[in-house]
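The residues making up each chain are set out below.
2 protein chains.
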Amino acid sequence: MIKQKTNKIYSTKSKIDSEKMQKAQALKPHIVKKLSSKETHPETVKFVALGGFEEIGRNMMYLEYKDEIIIIDMGLQFPEEDTPGIDYIIPNISSLEAKKDNIRAVIITHGHYDHIGAIPHLMGRLGNPIIYTSLISKEIILKRQEDFPNAPKLNFEIVKSGDVHQLSEHFKVEFFGITHNVPDGFCMVLDTPVGKIVHGGEFKFDYDFNGNPRGLDVWKKIGDQNIHTLLLESTGAEVPGYSVSERIVEQELEKLFKKAEGRIIVGTFASLLDRLAEIIKIAEKLDKKVAISGFSMKNNIDIVRNIGYMKVEKNTIIPLEDIHKYRDDKLLLLCTGAQGEPNASLMRIANGEYRQIQIKKGDTVILSSSIVPGNERSVQVLKDNISRQGALVYHYGTMDIHSSGHAPQEELKTVMKLVRPKFFIPMHGYYFMRQKNSQNAQEAIGLKPQNIIMADNGQILEITKTNIKITEESVPAFYVMVDGLGVGDVGEIVMRDRKILAEEGMVVIIATLDRKTGRFLKNPDIISRGFIYLKENKELVEEVRKKIRLMIAKIPNHQQVEPDYIKALMRDQIGQFLYNKTKRRPMILPVVIQV
Amino acid sequence: MIKQKTNKIYSTKSKIDSEKMQKAQALKPHIVKKLSSKETHPETVKFVALGGFEEIGRNMMYLEYKDEIIIIDMGLQFPEEDTPGIDYIIPNISSLEAKKDNIRAVIITHGHYDHIGAIPHLMGRLGNPIIYTSLISKEIILKRQEDFPNAPKLNFEIVKSGDVHQLSEHFKVEFFGITHNVPDGFCMVLDTPVGKIVHGGEFKFDYDFNGNPRGLDVWKKIGDQNIHTLLLESTGAEVPGYSVSERIVEQELEKLFKKAEGRIIVGTFASLLDRLAEIIKIAEKLDKKVAISGFSMKNNIDIVRNIGYMKVEKNTIIPLEDIHKYRDDKLLLLCTGAQGEPNASLMRIANGEYRQIQIKKGDTVILSSSIVPGNERSVQVLKDNISRQGALVYHYGTMDIHSSGHAPQEELKTVMKLVRPKFFIPMHGYYFMRQKNSQNAQEAIGLKPQNIIMADNGQILEITKTNIKITEESVPAFYVMVDGLGVGDVGEIVMRDRKILAEEGMVVIIATLDRKTGRFLKNPDIISRGFIYLKENKELVEEVRKKIRLMIAKIPNHQQVEPDYIKALMRDQIGQFLYNKTKRRPMILPVVIQV
Numbered sequence: 001m002i003k004q005k006t007n008k009i010y011s012t013k014s015k016i017d018s019e020k021m022q023k024a025q026a027l028k029p030h031i032v033k034k035l036s037s038k039e040t041h042p043e044t045v046k047f048v049a050l051g052g053f054e055e056i057g058r059n060m061m062y063l064e065y066k067d068e069i070i071i072i073d074m075g076l077q078f079p080e081e082d083t084p085g086i087d088y089i090i091p092n093i094s095s096l097e098a099k100k101d102n103i104r105a106v107i108i109t110h111g112h113y114d115h116i117g118a119i120p121h122l123m124g125r126l127g128n129p130i131i132y133t134s135l136i137s138k139e140i141i142l143k144r145q146e147d148f149p150n151a152p153k154l155n156f157e158i159v160k161s162g163d164v165h166q167l168s169e170h171f172k173v174e175f176f177g178i179t180h181n182v183p184d185g186f187c188m189v190l191d192t193p194v195g196k197i198v199h200g201g202e203f204k205f206d207y208d209f210n211g212n213p214r215g216l217d218v219w220k221k222i223g224d225q226n227i228h229t230l231l232l233e234s235t236g237a238e239v240p241g242y243s244v245s246e247r248i249v250e251q252e253l254e255k256l257f258k259k260a261e262g263r264i265i266v267g268t269f270a271s272l273l274d275r276l277a278e279i280i281k282i283a284e285k286l287d288k289k290v291a292i293s294g295f296s297m298k299n300n301i302d303i304v305r306n307i308g309y310m311k312v313e314k315n316t317i318i319p320l321e322d323i324h325k326y327r328d329d330k331l332l333l334l335c336t337g338a339q340g341e342p343n344a345s346l347m348r349i350a351n352g353e354y355r356q357i358q359i360k361k362g363d364t365v366i367l368s369s370s371i372v373p374g375n376e377r378s379v380q381v382l383k384d385n386i387s388r389q390g391a392l393v394y395h396y397g398t399m400d401i402h403s404s405g406h407a408p409q410e411e412l413k414t415v416m417k418l419v420r421p422k423f424f425i426p427m428h429g430y431y432f433m434r435q436k437n438s439q440n441a442q443e444a445i446g447l448k449p450q451n452i453i454m455a456d457n458g459q460i461l462e463i464t465k466t467n468i469k470i471t472e473e474s475v476p477a478f479y480v481m482v483d484g485l486g487v488g489d490v491g492e493i494v495m496r497d498r499k500i501l502a503e504e505g506m507v508v509i510i511a512t513l514d515r516k517t518g519r520f521l522k523n524p525d526i527i528s529r530g531f532i533y534l535k536e537n538k539e540l541v542e543e544v545r546k547k548i549r550l551m552i553a554k555i556p557n558h559q560q561v562e563p564d565y566i567k568a569l570m571r572d573q574i575g576q577f578l579y580n581k582t583k584r585r586p587m588i589l590p591v592v593i594q595v
Numbered sequence: 001m002i003k004q005k006t007n008k009i010y011s012t013k014s015k016i017d018s019e020k021m022q023k024a025q026a027l028k029p030h031i032v033k034k035l036s037s038k039e040t041h042p043e044t045v046k047f048v049a050l051g052g053f054e055e056i057g058r059n060m061m062y063l064e065y066k067d068e069i070i071i072i073d074m075g076l077q078f079p080e081e082d083t084p085g086i087d088y089i090i091p092n093i094s095s096l097e098a099k100k101d102n103i104r105a106v107i108i109t110h111g112h113y114d115h116i117g118a119i120p121h122l123m124g125r126l127g128n129p130i131i132y133t134s135l136i137s138k139e140i141i142l143k144r145q146e147d148f149p150n151a152p153k154l155n156f157e158i159v160k161s162g163d164v165h166q167l168s169e170h171f172k173v174e175f176f177g178i179t180h181n182v183p184d185g186f187c188m189v190l191d192t193p194v195g196k197i198v199h200g201g202e203f204k205f206d207y208d209f210n211g212n213p214r215g216l217d218v219w220k221k222i223g224d225q226n227i228h229t230l231l232l233e234s235t236g237a238e239v240p241g242y243s244v245s246e247r248i249v250e251q252e253l254e255k256l257f258k259k260a261e262g263r264i265i266v267g268t269f270a271s272l273l274d275r276l277a278e279i280i281k282i283a284e285k286l287d288k289k290v291a292i293s294g295f296s297m298k299n300n301i302d303i304v305r306n307i308g309y310m311k312v313e314k315n316t317i318i319p320l321e322d323i324h325k326y327r328d329d330k331l332l333l334l335c336t337g338a339q340g341e342p343n344a345s346l347m348r349i350a351n352g353e354y355r356q357i358q359i360k361k362g363d364t365v366i367l368s369s370s371i372v373p374g375n376e377r378s379v380q381v382l383k384d385n386i387s388r389q390g391a392l393v394y395h396y397g398t399m400d401i402h403s404s405g406h407a408p409q410e411e412l413k414t415v416m417k418l419v420r421p422k423f424f425i426p427m428h429g430y431y432f433m434r435q436k437n438s439q440n441a442q443e444a445i446g447l448k449p450q451n452i453i454m455a456d457n458g459q460i461l462e463i464t465k466t467n468i469k470i471t472e473e474s475v476p477a478f479y480v481m482v483d484g485l486g487v488g489d490v491g492e493i494v495m496r497d498r499k500i501l502a503e504e505g506m507v508v509i510i511a512t513l514d515r516k517t518g519r520f521l522k523n524p525d526i527i528s529r530g531f532i533y534l535k536e537n538k539e540l541v542e543e544v545r546k547k548i549r550l551m552i553a554k555i556p557n558h559q560q561v562e563p564d565y566i567k568a569l570m571r572d573q574i575g576q577f578l579y580n581k582t583k584r585r586p587m588i589l590p591v592v593i594q595v
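The listed protein sequences correspond, in order, to chains C and X. What the first sequence shows, in the working numbering, is residues 1 to 595, in sequence order. What the second sequence shows, in the working numbering, is residues 1 to 595, in sequence order.
Honestly, I wouldn't trust all of these hints.
For identical chains, the list gives no copy identity; a pair is met inside one copy or between any two copies.
Dumping the calculated BS3-like pairs for lysine-lysine here, alpha-carbon to alpha-carbon at most 30 Å [unchecked claim]:
1) K417 <-> K255
2) K499 <-> K220
3) K259 <-> K422
4) K288 <-> K516
5) K448 <-> K221
6) K522 <-> K281
7) K281 <-> K314
8) K516 <-> K546
9) K554 <-> K522
10) K258 <-> K413
11) K469 <-> K298
12) K581 <-> K143
13) K298 <-> K583
14) K417 <-> K99
15) K66 <-> K546
16) K255 <-> K448
17) K99 <-> K325
18) K361 <-> K448
19) K547 <-> K567
In short, the hints are calculated from the structure, not lab data. All figures in this text were calculated on a predicted structure; none of them were measured in a lab.
So here's chain C without its partners, still in its complex pose (with noise of 0.2 Å):
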């Protein structure tokens, strides 16, 4: 349904934008004439986001140009109310599978999922191009590969901050390093034949011990490249001003951990590596001993250790099992599960269902991290259930010991002043925020509208030296649903009926009929789920029964019972009389047999 409604606003949209040319072309008909022919021109660069411009996840985009074409991220997007069961979506990539021989490399900018997940699904079937990315994201992307013995083996380019590396004959790139909450993430200049492309990666600032920026040169250097174009991320574009400094987080983690009287359990994401090794090192401080719980934050915190990202002192991590040997004001606990999500480590230890720890009265228990829209339901039976056991806890939404990773208001504006480009691109997240990022440059640069292009998954963009156009032309850019081993098999009528399941639940309703005769060989079965519970509700199954027997009866003796006919009606007067008796409308499903 949302698909729909957002179609029928894309066809304003488009009514718009031709409304624009008009007015573009009677400004200078030669350029428009030029950009508005069907062929490639010479100069132009395609830019097309498949992923990513419509929401928060799903990360994917490419530039072409003649034959070659270079891919940035190659991300997942969690599922969300609309798409129930699902394991996540991927970007739709069909438009380049005919082309895969010009794909010269994938650049990925960061180790999060929405930016590495749709690996293993699609690199097979780009032809396995060569992977630029940075030694930590590598290791993350490997490790991830390990679920999926079938995908081909990946070939690296491991790229450090600094790094000039030629891509193609066209596509030159360099690298910067910027701070995310993953370590080893980066924005690169992209040297293209129409100008310099900034690719802002995701990134929020990183403030000191006085509260002042670091790093900022490193976009004045950009600044300093005559920049045709950013593209920065939109996901805090409506929040106002600057980031909580890491600092701070860090501060009010000691004053917590100073305060626990018991063991300290801190609940956070597995992703957050640069916050679990904030917590390690105040742990060390203040002589406290590290179990880690959680298979996927073991696996990540080896991953930076081994490539000595990470400085732990030897006997600080200790094994979970050795915890009884240390007195509880000596034990700091970390665990993933802080969303409540069911198997992960911190919602089997509030529920009793983990055999080396329970939560007793003392434990201090801090949740690190936001609440990810959809699961305040189930971070609020954990609270629930960790304080009812004595526990205190302290959570993200109360004070300050968590921080996004992606930069506010004030911090894209700076941005936006030290690059200076020509156009702007918001990227990552919904419209609406990436208007709102759109607000920001005229803002802060005061860029024209006409300046700033709010592209949607799928348009093709023409990048010339002087101008952006989004074209008419698109390329599918629609959900691909992973659903267990399925990929795209679940599409929009598994989705339709999975929700009505939901809502209504059904019944399926098998008339048996003699063929010859057309009349009952046995009375009606009636199966029921999600609707009401049959068992206890007798008397309107035997109603149904007696209706449809009537129904069938109706039928002159010397017609011909049609199935397609009697489906129809039992499932259009099955339907109404159910609806009139309960005011619900479960799926009806009628069978007809004939014996």
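On the provided structure of chain C, position chain X as indicated by the hints.
This is chain X only, laid out in the frame that chain C set:
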């Protein structure tokens, strides 16, 4: 599942309680002996919450002394993730039905649905006792009653701030007006045989233009009455600080209104009557006409205007169909649907489904309400749709254009200090919120944990002059779900099925067998919904059919074919087969038809 978990925790808690009791017994054996006897102590008032003590919503509680019962509130709870598809949940009154003749009064604190919503369902079953409430609450209750033509005609006693009523021989009540976001709410002092019990209603502080709170004298006056027990809501118990003053909200709204160049469209809750009054007042000040869209909002405004509570100039409110008669900058449209509800007016306007109004460039759309958890996605779609059509969207998340109706920490603490009770019962909220409120009471007035009662729904409290005890006894307080016309007929089984259907879908397999030979009369029929789209997966369907035929063929000829046996076989083997093929576990519904 959540219910189960909670129960697990209950047992932990009861253990703690019995330990506490043993300790208490050691200290003063004679008193405890009296209290633990099964018969009601002559000077014991029983207290039971039927809802609102483990959740937000479904507020209802009662006090009992001898043959006198006083009920406070009768609300509903909106459905959550674990109760898909239902309309709402109402309190379980099975403990009250048997002694309904003892009910002397139902007091309704204010007109919100979580305090009045169960009235049409329950009053008939409780002998239709008299309702004590304010004039506006009465009108809101009666408006809702129109949807329930079979509910009994209600009897009201209208109360005002300062009124004292003798409810029964042993219960007297004094009412005090307080500020919430619906007008005419109150708190009360209940004079009982064991002492004075204060029910704090739901409230927040009302600030004047200098930022000073108004109405503190009410709480002071209450505090002078030697209060035994204070019941305070916990919705805002973990929110630090003070409320955003409605004066600030007014100022921010006025600023936005002045900035708007075209029409102003404000989306908010129909129940936020104070906010609606403010908005209309500002509109009048700025010489704008107000049109109202949304049935419930029109109704509510009519109610307060008729009573004279809301003063509106004669020509301010115009019919919706007249908006074309006015200039855009002279128009303000008030509408429901700030939560992205599909049938509310704002969503319909945004989707272009509204004949009279379409969003256009130059419109300013203001969402003046918080997001109810679970609605994030719908609100995002709403904001996207509106901003795609060229309107400017402002939302509560980023500015002070909404203020909650619930007192945050510092306001709760102020009330505690003014009332100075001997006992404190945190009410209205999840356990975690109530625990935070317990901490507030310990910090504000130094109450000892044993004087703070953390009661759950259904637990029977025994209140004496000197003590409050959570007994081992409880009354049924589990969910009663309302779905369409059914009350209580949707139970845990139906909910569980809906959840499975939503996540994985279902497969119906119909095997039609010859009763005599036990062999197939026709190929098995397979229907599936919400699993995979069968039309695109014919191979899988054929494999399933083959497996079923093989399954039956394996049964020796001489063996009787037992339908239940075959059903179990199909459920297990086809379930496992589909899991191996797809890693999904749809609900398998086997049907065996013998002819």
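Evaluation of the provided hints:
1. K417 <-> K255: between (37 Å within a copy, 28 Å between copies)
2. K499 <-> K220: For K499 and K220, the Cα distance exceeds 30 Å both inside one copy (50 Å) and across copies (53 Å).
3. K259 <-> K422: This pair counts as between: shortest inter-copy Cα distance 29 Å, intra-copy 52 Å.
4. K288 <-> K516: neither (82 Å within a copy, 74 Å between copies)
5. K448 <-> K221: For K448 and K221, only the intra-copy Cα distance (24 Å) is at most 30 Å; the inter-copy one is 61 Å.
6. K522 <-> K281: neither (74 Å within a copy, 70 Å between copies)
7. K281 <-> K314: within (13 Å within a copy, 68 Å between copies)
8. K516 <-> K546: Both ways: K516 and K546 sit 22 Å apart in one copy and 28 Å across, limit 30 Å.
9. K554 <-> K522: both (17 Å within a copy, 27 Å between copies)
10. K258 <-> K413: between (37 Å within a copy, 26 Å between copies)
11. K469 <-> K298: Classified as neither: same-chain Cα gap 47 Å, cross-chain 46 Å, threshold 30 Å.
12. K581 <-> K143: This pair counts as between: shortest inter-copy Cα distance 24 Å, intra-copy 55 Å.
13. K298 <-> K583: Result: close only across copies, 26 Å inter versus 51 Å intra.
14. K417 <-> K99: neither (38 Å within a copy, 73 Å between copies)
15. K66 <-> K546: Close neither inside one copy (70 Å) nor across copies (51 Å); limit 30 Å.
16. K255 <-> K448: between (47 Å within a copy, 25 Å between copies)
17. K99 <-> K325: For K99 and K325, the Cα distance exceeds 30 Å both inside one copy (60 Å) and across copies (57 Å).
18. K361 <-> K448: So K361 and K448 pass the 30 Å test across copies only (17 Å; inside, 59 Å).
19. K547 <-> K567: both (14 Å within a copy, 27 Å between copies)
Hints 2, 4, 6, 11, 14, 15 and 17 from the list above are not met by this structure, while the remaining hints are.
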